[in-house]
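J.: These protein sequence lines are chains A and B, in that order. The opening position of the first sequence corresponds to residue 1249 in our numbering, with each subsequent residue numbered one higher. The opening position of the second sequence corresponds to residue 944 in our numbering, with each subsequent residue numbered one higher.
One thing to keep in mind: the hints can contain errors.
[What the hints assert, rightly or not] Here are the computed distance ranges between Cβ atoms for each label pair:
id: 1; chain 1: B; residue 1: R1074; chain 2: A; residue 2: N1261; range: 41 to 51 Å
id: 2; chain 1: A; residue 1: P1346; chain 2: B; residue 2: G984; range: 35 to 45 Å
id: 3; chain 1: B; residue 1: A1330; chain 2: A; residue 2: A1337; range: 22 to 32 Å
id: 4; chain 1: B; residue 1: A1330; chain 2: A; residue 2: I1378; range: 20 to 30 Å
Simulated from the structure, these hints should not be mistaken for lab results. For every residue, glycine included, the Cβ atom is placed at its ideal position computed from N, Cα and C.
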Amino acid sequence: MAYSEKVMDYFSNPRNVGEIKDADGIGEVGNSRCGDIMKMYIKVDDSGVITDCKFKTFGCGAAIATSSMATTLIKGKTVDEALKLTNKAVMEALDGLPPVKVHCSVLAEEAIKAALSDYYTRKGIDPEPIVGKIESHDHEDLACDL
Amino acid sequence: MRNIYADNAATTALYKEVLDKMMPYLTTVYGNPSSLYRIGGEAKEAVETARERIASLIGAKSPSEVYFTSGGSESDNWAIKGAARALKKKGKTHIITTKFEHHAVLHTCHALKKEGFEITYLDVYENGIVRPEDVERAIREDTAIVSVMYANNEIGTVQPIKEIGEICRRHKVLFHTDAVQAMGNVPINVEEQNIDMLSMTAHKLHGPKGIGALYIRKGFRPQILIDGGAQERGMRAGTENVAGIVGFAEALRIAIDTMDERRERVSALRDRLIDKLLLIERSRLNGDREQRLPGNLNMCFEGIEGESLLLRLDMNGICASSGSACTSGSLDPSHVLLAIGLPHEIAHGSLRLSFSDDITEEDIDYIAEKVDETVKYLRAMSPLWEAIKEKERRA
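In isolation and in its complexed conformation, chain A is listed as follows (with noise of 0.2 Å):
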């Protein structure tokens, strides 16, 4: 299993690590189980323009750099904008990864959707119409997705 330079480039310097103290949105998805945990912290300002993005993970290289590569994909988009990123989009802008890795960038999508779905909540408004169903990931007994 190889990594593309890209991949190796946002592992090892990672893009937009860290945590938003007054984050208008966080989404958590994964579990530790697994091995792999995606935390996404997003800032809105009025206009609906995702102003900054921070994420933490625990989990492998590709946990690391597709997380990465998710935030600096939505950061400075709209909110509506961003609920179209596709894992593939993720996949795409790192040259690839490995098949046994394509989970990770599913991940890092549904993390994204999980911080805007926390944004929409905040504000008061059904998210599930919207970003649709957030999946809840801290079961014990759940099956690890490849």
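Using the hints provided, position chain B relative to the given structure of chain A.
T.: Just chain B now, with coordinates in the frame of chain A:
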């Protein structure tokens, strides 16, 4: 930047002295050992001399008990499948092994289960050591073979082979051990330790890849492995890997000649590193500290994942290994770490370092510094670590 190879349990560098011994058999004495002319005869002689040396180095009664194979996995497959299938005719359809064997043994057992064998997997407890009394309790009338590895490839724990061998002898059950990791690191004597079959490989002890052997005690005959020729007493056909065989014997000789001194030096350095790494909070050593291979270190660091640790160590010139799911190529972390009772989330954060005699104190201190730095870095970005610390605060 430093360049430290600390993955000798995966494979080792070929010693120059070993290569020198092999070279003639790759260049001038290239004859087929089965041929009549001189370079064939010389090759044959080299193979038989190597066989004698290996037999004597493992304490075998006769060189005819050593059969060359392509390495550890082949030897394990042959020993267990060959014995099980030969003994099935006598109504023996039960196999005893352990939960933390190498996949060459475990997957062989899974395959035999499909052929109707029943497999008992023994516990290895928290310290990663099989209890001989468990072996005795598991033996039944229909037990064909007991297979317990000599030393574990991930956590390096050395098993009570002599005691297990005695029990098997007493109950007249065949005893096989995979000694791939142990050879050249701990004293092995098939007679004294009551071993009936012993799997060996050359590339873990600075020999070439693609050559190994299976010791089979005289008096027992497993199923033939490869039909097609008289090589290896008709049990494994195929033109001998002459240079490999010569290299294997030389590598084993060097390993055994230097064993005592090497063990002392390498284990002291390894202990120095264990002590340093145990200072990292929420770290733990996996497997018994005393009963382990001199060059093996296996630790877990909570809140981080093994592959990212390895990648960052590699960026610092350190070659290591991990039992995380991401590096095991499956969904679950290492079966060895799960067998010693580690929860998945902790097993994901494992690191295996395995040293050879070229390791220095400076290397050890450099590794300690880089591991500490990397663990801190990864924890700082880990939501799992954040949750662990949060739980601590609330407690």
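J.: Compare the structure with each hint and give your call.
T.: Checked hints:
1. Under the hint 41 to 51 Å, the C-beta atoms of R1074(B) and N1261(A), about 49 Å apart, fit the expected range.
2. Taking the beta carbon of each, P1346(A) and G984(B) are about 50 Å apart, not inside 35 to 45 Å as hinted.
3. In this structure, A1330(B) and A1337(A) meet the distance hint of 22 to 32 Å, their C-beta atoms being roughly 29 Å apart.
4. A hinted range of 20 to 30 Å holds for the C-beta pair A1330(B) and I1378(A), which are about 28 Å apart.
The structure shown violates just one earlier hint, number 2.
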